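Participant: Residue numbers (the working numbering), protein chains in the order written: chain A, 1 to 112; chain B, 1001 to 1117.
Treat the hints with care, as some may be off.
[As the list claims (entries may be wrong)] Taking lysine-lysine pairs in the DSS-like style, the calculated list, with each CA pair at most 30 Å apart, reads:
hint, chain 1, residue 1, chain 2, residue 2
1, B, Lys-1064, A, Lys-99
2, B, Lys-1020, A, Lys-56
3, B, Lys-1066, A, Lys-2
Hints are computed from structural coordinates only; laboratory data are not their basis. These numbers were taken from a predicted model, which means no experiment stands behind them.
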Amino acid sequence: QKEVEQNSGPLSVPEGAIASLNCTYSDRVSQSFFWYRQYSGKSPELIMSIYSNGDKEDGRFTAQLNKASQYVSLLIRDSQPSDSATYLCAVLGSTGFQKLVFGTGTRLLVSP
Amino acid sequence: GAVVSQHPSRVICKSGTSVKIECRSLDFQATTMFWYRQFPKQSLMLMATSNEGSKATYEQGVEKDKFLINHASLTLSTLTVTSAHPEDSSFYICSASGASGRHNEQFFGPGTRLTVL
């Protein structure tokens, strides 16, 4: 089992719809979770961090965390074509050195 | 806040030469810096973790003598690819953590695209 799993996609949604991106992780003691957006040919950009169970909202983005189910999700409301990118879920490893464990990413395509 | 820069953004070199890539945290002191490599259509691969003033910790399979990392200050880390070969051609990205109030968050530089001829 991979440490951080994501569906590779592509996830296709029409403009204006809600995009739902999901991620599961295997390390039960993980406490810090992050979503990064990576456009093709560019480096990752941090868009959300979440540490507590429940929802965290920032503009059109909502991160959801359920530690009991070892599940993190990212909702993008009112999706725009400019949201088309690969979204990386990252979990802070519990083995020290502050290393992030990344999923392979979900490619999101928002069609006009 | 929490801006990380990298230089150069793109480099083309001949096989056998060495290339140095700089990573700077511009508006915060980075207690830890990380170096990643990403091949086309693949995921990020962590190469090494470095803390200011101490030796880098390399991931399994990464040759420490080939990829020299120096973290001389809280705002600067360098990666030197020694005796580069075409198979070292890749997208090298650094990240930094330690920004005040940004609990464990890593901020990435824009990356350096290395092409070895």
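Participant: Now look at each hint and say whether the structure bears it out.
Facilitator: How the hints compare with the structure:
Simply put, Lys-1064(B) and Lys-99(A) have alpha-carbon atoms about 18 Å apart, close enough for the 30 Å limit, and the pair holds. The straight-line distance between the Cα atoms of Lys-1020(B) and Lys-56(A) is roughly 40 Å, outside the 30 Å bound, and the hint therefore fails. With a C-alpha separation of about 29 Å, the suggested pair Lys-1066(B) and Lys-2(A) falls inside the 30 Å cut-off, and the hint holds.
Consistency with the previously given hints fails for number 2 only.
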